[in-house]
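The hints should help you fit chains A and X onto chain L, whose structure is shown.
Chain by chain, the residues:
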Amino acid sequence: MTRHIVGRIGFYTLIALLMAFFTVPLLWLAAAPFTSDPTYEVSLPDFTFTNFQAILEHPYALGSLYNSLLLAVGTAVLVVLLAALAAYALSRVRMPGRDALLYALLLLSSIITGTAAMVPLFQLAVELNLIDSQLGLILILTGGLLPAAIFMLKDFMDSTPKSYEESARVFGASPLQIVGHVVVPLVRPGLATIGVWAIANVWGNFLMPYLLLSDIEKQPGAVIMFTLYTEGGQANLPLLSTFGLLYSVPVVLMYLFVSKKYGFRFHGGIKR
Amino acid sequence: MAQATSHPKARYSADAAGLGTPRAAAFIAPAMALIAVFLVFPALWVIYLGLTNYRLTGLAAAEPQFVGLDNFVKAVSDEGFWNSAWLTVQFVLGSAVIGQVVLGFTIAWLLRDRQGPLKRVVEGLVILAWILPGAVVSFLWIALLDRDGGTLNALLGIPGFAWLLDHPMLSIIIFNTWRGTAFSMMLYGAALGNVPPSHLESARLAGASGWQQLRDVVFPHIRGHILTNLLLISLWTFNDFTPFLLTAGGPDHKSEVLAVHVYNVALRGGELGFGAAVSTIILLINLVVAVFYLRLLRRKS
Amino acid sequence: MKRSIGAVAVIAATGMALTACGQSSSDADTIELTITQNAIAGGKNAAAADHIAKWVIPKFEAAQKAKGKDVKVKFVPSGVDDEQYKTKLALDLKSKKGADVIDIDGIWAGEFAEAGYIKPLSEVAGAETDSWEGWSQIPEAVQGLTTYNDKKYALPIGTDGRVLYFNKTLFQKAGLPADWQPKSWQEVIDAGNKLKTAGVPTPIQINAGTAMGEATSMQGVLPLLAGAGGEIFKDGKWSGASQPLKDALGLYQQIYGGSGLGDPKLQQEAKGRDKSFAEFADGKIGILMEGDYFWRGVVNPTDGVAKMADRDQVVGFAMIPAIQPGKGIRGQDFVSMSGGALRTINPNSKHPKEAFELAAFTLSPEALKEETKQNVRITPRTDVNKEILTGDPLLMFISEKVLPLTAYRPPLAVYPQVSAALQEATAQVVSGKAPDQAAADYQAKLEGLVGGAGNVAS
Numbered sequence: 001m002t003r004h005i006v007g008r009i010g011f012y013t014l015i016a017l018l019m020a021f022f023t024v025p026l027l028w029l030a031a032a033p034f035t036s037d038p039t040y041e042v043s044l045p046d047f048t049f050t051n052f053q054a055i056l057e058h059p060y061a062l063g064s065l066y067n068s069l070l071l072a073v074g075t076a077v078l079v080v081l082l083a084a085l086a087a088y089a090l091s092r093v094r095m096p097g098r099d100a101l102l103y104a105l106l107l108l109s110s111i112i113t114g115t116a117a118m119v120p121l122f123q124l125a126v127e128l129n130l131i132d133s134q135l136g137l138i139l140i141l142t143g144g145l146l147p148a149a150i151f152m153l154k155d156f157m158d159s160t161p162k163s164y165e166e167s168a169r170v171f172g173a174s175p176l177q178i179v180g181h182v183v184v185p186l187v188r189p190g191l192a193t194i195g196v197w198a199i200a201n202v203w204g205n206f207l208m209p210y211l212l213l214s215d216i217e218k219q220p221g222a223v224i225m226f227t228l229y230t231e232g233g234q235a236n237l238p239l240l241s242t243f244g245l246l247y248s249v250p251v252v253l254m255y256l257f258v259s260k261k262y263g264f265r266f267h268g269g270i271k272r
Numbered sequence: 001m002a003q004a005t006s007h008p009k010a011r012y013s014a015d016a017a018g019l020g021t022p023r024a025a026a027f028i029a030p031a032m033a034l035i036a037v038f039l040v041f042p043a044l045w046v047i048y049l050g051l052t053n054y055r056l057t058g059l060a061a062a063e064p065q066f067v068g069l070d071n072f073v074k075a076v077s078d079e080g081f082w083n084s085a086w087l088t089v090q091f092v093l094g095s096a097v098i099g100q101v102v103l104g105f106t107i108a109w110l111l112r113d114r115q116g117p118l119k120r121v122v123e124g125l126v127i128l129a130w131i132l133p134g135a136v137v138s139f140l141w142i143a144l145l146d147r148d149g150g151t152l153n154a155l156l157g158i159p160g161f162a163w164l165l166d167h168p169m170l171s172i173i174i175f176n177t178w179r180g181t182a183f184s185m186m187l188y189g190a191a192l193g194n195v196p197p198s199h200l201e202s203a204r205l206a207g208a209s210g211w212q213q214l215r216d217v218v219f220p221h222i223r224g225h226i227l228t229n230l231l232l233i234s235l236w237t238f239n240d241f242t243p244f245l246l247t248a249g250g251p252d253h254k255s256e257v258l259a260v261h262v263y264n265v266a267l268r269g270g271e272l273g274f275g276a277a278v279s280t281i282i283l284l285i286n287l288v289v290a291v292f293y294l295r296l297l298r299r300k301s
Numbered sequence: 001m002k003r004s005i006g007a008v009a010v011i012a013a014t015g016m017a018l019t020a021c022g023q024s025s026s027d028a029d030t031i032e033l034t035i036t037q038n039a040i041a042g043g044k045n046a047a048a049a050d051h052i053a054k055w056v057i058p059k060f061e062a063a064q065k066a067k068g069k070d071v072k073v074k075f076v077p078s079g080v081d082d083e084q085y086k087t088k089l090a091l092d093l094k095s096k097k098g099a100d101v102i103d104i105d106g107i108w109a110g111e112f113a114e115a116g117y118i119k120p121l122s123e124v125a126g127a128e129t130d131s132w133e134g135w136s137q138i139p140e141a142v143q144g145l146t147t148y149n150d151k152k153y154a155l156p157i158g159t160d161g162r163v164l165y166f167n168k169t170l171f172q173k174a175g176l177p178a179d180w181q182p183k184s185w186q187e188v189i190d191a192g193n194k195l196k197t198a199g200v201p202t203p204i205q206i207n208a209g210t211a212m213g214e215a216t217s218m219q220g221v222l223p224l225l226a227g228a229g230g231e232i233f234k235d236g237k238w239s240g241a242s243q244p245l246k247d248a249l250g251l252y253q254q255i256y257g258g259s260g261l262g263d264p265k266l267q268q269e270a271k272g273r274d275k276s277f278a279e280f281a282d283g284k285i286g287i288l289m290e291g292d293y294f295w296r297g298v299v300n301p302t303d304g305v306a307k308m309a310d311r312d313q314v315v316g317f318a319m320i321p322a323i324q325p326g327k328g329i330r331g332q333d334f335v336s337m338s339g340g341a342l343r344t345i346n347p348n349s350k351h352p353k354e355a356f357e358l359a360a361f362t363l364s365p366e367a368l369k370e371e372t373k374q375n376v377r378i379t380p381r382t383d384v385n386k387e388i389l390t391g392d393p394l395l396m397f398i399s400e401k402v403l404p405l406t407a408y409r410p411p412l413a414v415y416p417q418v419s420a421a422l423q424e425a426t427a428q429v430v431s432g433k434a435p436d437q438a439a440a441d442y443q444a445k446l447e448g449l450v451g452g453a454g455n456v457a458s
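Note that the protein sequences, when read in sequence, are chains L, A and X. Under our numbering, the first residue of the first sequence is numbered 1, with each subsequent residue one higher. Under our numbering, the first residue of the second sequence is numbered 1, with each subsequent residue one higher. Under our numbering, the first residue of the third sequence is numbered 1, with each subsequent residue one higher.
Same shape as in the complex, but just chain L (with noise of 0.2 Å):
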């Protein structure tokens, strides 16, 4: 019994340090845009509404969250599409030498994320038209993300059980109509984790939207953050707290929407 008590002191103590560790950086987000004149330190907000107010003053805001909104749906649609496809064939057919392609796809793909891929990236984009478009960059984004994308999948369809689909071969449905009502409801929950994944990817990217695309009215978010320091590089507080609020509560809402909707759990389809 006092072993029990015991171990439910613990474990209320260990969950509570761990909430404490996740939540304390969070604060300032909470605290600040809501402060007339912030600091570092976190402090009880005076509740003022004017940093809003300036954000929404600010010429390309929300024009940017819009931009972010449009980049990181049209790339997770993308993702979740393509890679949902391939891996579902990766997953079901035999093919030679795939397991060493997905490896040598995700070494890659590193690469591509990295500083010096910009130049490459950029010349791509200039030979193929594809600066200063949405679509570029989308296209870019996604080719970035599929080979994780399409590991992460491939690992959730192969532990998803098969006899669904054998049954409903049974009853004469076409492969495109197993995939559709049989195999993407079961997997649901783990495609919308990869969507969310590729979201939160996009949402804070900043330097291949910035070097790609020129228009400033095209620019995400991520880049117009950057903006709110001052020429001698000092972050305007007030500005810069609240647009960072205004900014995480669109990935936030689409996590939640998602999760509700969709479950977000990886593996988490059918239970053995």
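No wet-lab data here; the hints were simulated from the structure. All figures in this text were calculated on a predicted structure; none of them were measured in a lab. Just so it is clear, CB atoms sit at the ideal spot from N, CA and C, and this is done for glycine as well. A few of these clues could be false.
Between beta-carbon pairs, the in silico distance windows are [unchecked claim]: (1) 48(A) / 434(X): 41 to 47 Å; (2) 98(A) / 253(L): 29 to 35 Å; (3) 188(L) / 292(A): 33 to 39 Å; (4) 97(X) / 161(L): 36 to 42 Å; (5) 149(A) / 259(X): 24 to 30 Å; (6) 73(A) / 237(X): 54 to 60 Å; (7) 16(L) / 29(A): 27 to 33 Å; (8) 5(L) / 214(A): 43 to 49 Å; (9) 5(L) / 167(A): 35 to 41 Å; (10) 167(A) / 2(L): 49 to 55 Å; (11) 115(A) / 94(L): 52 to 58 Å; (12) 27(L) / 292(A): 37 to 43 Å; (13) 115(A) / 97(X): 52 to 58 Å.
With a straight-line cut-off of 25 Å between C-alpha atoms, the simulated PhoX-like cross-links for lysine-lysine are [claimed, not checked]: (14) 265(X) / 254(A); (15) 234(X) / 254(A); (16) 246(X) / 218(L); (17) 254(A) / 445(X); (18) 445(X) / 74(A); (19) 246(X) / 234(X); (20) 386(X) / 168(X).
What follows is chains A and X alone, placed relative to chain L:
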């Protein structure tokens, strides 16, 4: 494929939906086309750039010369490179392999049998740290760790303690643990759900301690997940550029991990050829790490 | 290469079809120009961006209309770190893209010219660029900012100067005069010691280390080097581990090496310069070496980033002394460093002559006067400066006392790398290395950068 190890495959025919190779190829083609154009082609280009003295500006921008392996020789004979390589090892081991895996597994294990608001809140907080944009969270941590006005020093009652200057690596390791734990937590959460409760029960009845249960029952079941997890988070952490936003690699290169090193060399220094060579070396290191994990975890399967 | 791109193009053709929007085919007679700066409304350098968008563009278009030309100008704003702005410009120019009129930092002129990204003005926009009316109003030294290999590559946008700022309130507390003007480095140290005794947390702040980047060079090691009689580049050779460099690094050691006169941690922090601004505004720093930007943009009581409502009463300024009177460069008693941005014409511009007219228009007396109405700064034109600077004591001080004795950085492509090596040397001294050793390390690095010991004088 990681999961395949725990599956009695023989019960199903592999191609359950009757896809057939041609259709499978058609399913794969769009992804591969995009990957070929926007990933493989520029990646090979980077590897080629690594063999030139290409620069962003100046004479070498107008007429880059092929210099063979000079950049690689220069990199491995450069103290700064080895410094960065060693820091990267610390960063990956500390924040990914130890920090994220241990913390992620711990949370998943603690919450494995729970439902309800506690689980949702804890998971939500962890995931929040993961999905918030890098530019925002790095700024939050700058505010948290600031030596004069920072919240952490105020909480601990040690004003003036310069975390980012005196312990830059510790700071970015803890930061990255905070940032990335969600992925491991979710992966292990799902994996633990796949461990048959009956196995655990019989182990418990046989008098196995908590650690023995973990080792003998849980671990064999989630081996594939551990592999996937280690592979991905190591790779991501290796190439993670976010520490730059916290410390800019400083002070005195004390937190200049390789991804930041490449940024400093390629973007700030304009030495694109050299930066590309370092990127290629990172790729090779990643390759070695991946092979190591594969051998370690698939040996017994 | 070309063929693989062709193959690639087929695959991406779907993408192209969707991206064609935005390239409107306009009237054949309409001349479309773009102008870019690292400035953006609602953010970085907002006033400059507003001036271009709301004043320059309509006025210029109207003036062209009066001449019978239909010109449309578009402003392309940006608001990022200078390095990122530079990267983007370089990528654009390399691909023969980019705005028609481009602002660059003066110090990039050499490397951009060598890469072929920019070309001499007369080549791009014709010989009439040499007869622009503004040249006669621009001092020789400021014209030098635009010159590379004896050719003018751009128009100068302005210039600046460095001084020692000090907090008069703290000075009074320490028993120091409100019209302080040190005549040697020792007098600066003496003042620092008095401030320290009076309880000032950070008596002296002279930028050091790599985190502050070029601010360490311009507001730190280069003025000190000049004050010790050294020039970073002279007579075709780079200055190595010379006595002046050792002296300059020695002063850093005196300030940051445990004397308590300066705060070594501040030099290492990623946001150290911001912090030095905030601390000065808070009355925690006694003496600070900074450019006129500090006065205009930081402690400016109306729109500074670290406003000081009582700036005009509290903030004093003095010339930067040589190590000893008469021991500075050219035998001077006082020294400074200056830089400045440039406005250049894209060699790939379809309408280079009109682009030059636009650039020249932004530097006409009326445009400069309009631009500086809100935020006064030192313009490149003497005629304009005479009118606009009178209201601002610091800018008067700089234009009258500092600019005649200032020095400029060498406009060479390798300079940014040399500068980074110098910053590294100061970082080493701040973290405890002996000045002589740091100077020797610097020389070794320098030889690697500039092509061997033959190009280095020690």
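For each hint, the structure was consulted:
1. 48(A) / 434(X): 41 to 47 Å: 44 Å, holds
2. 98(A) / 253(L): 29 to 35 Å: 33 Å, holds
3. 188(L) / 292(A): 33 to 39 Å: 34 Å, holds
4. 97(X) / 161(L): 36 to 42 Å: Roughly 54 Å apart at Cβ, these two residues miss the hinted range, so it is violated.
5. 149(A) / 259(X): 24 to 30 Å: 26 Å, holds
6. 73(A) / 237(X): 54 to 60 Å: 28 Å, violated
7. 16(L) / 29(A): 27 to 33 Å: This hint is violated: roughly 51 Å between Cβ atoms.
8. 5(L) / 214(A): 43 to 49 Å: 23 Å, violated
9. 5(L) / 167(A): 35 to 41 Å: The hint (35 to 41 Å, Cβ to Cβ) holds, given that residue 5(L) and residue 167(A) are roughly 37 Å apart.
10. 167(A) / 2(L): 49 to 55 Å: At 39 Å between Cβs, range violated.
11. 115(A) / 94(L): 52 to 58 Å: Since the Cβ atoms of residue 115(A) and residue 94(L) sit about 39 Å apart, the hinted range of 52 to 58 Å is violated.
12. 27(L) / 292(A): 37 to 43 Å: 40 Å, holds
13. 115(A) / 97(X): 52 to 58 Å: 57 Å, holds
14. 265(X) / 254(A): 14 Å, holds
15. 234(X) / 254(A): 34 Å, violated
16. 246(X) / 218(L): Distance ~50 Å between residue 246(X) and residue 218(L) Cα, so the pair is violated.
17. 254(A) / 445(X): Cα-Cα ~19 Å, so holds.
18. 445(X) / 74(A): 14 Å, holds
19. 246(X) / 234(X): Roughly 17 Å separates the two Cα atoms, so the pair holds.
20. 386(X) / 168(X): 28 Å, violated
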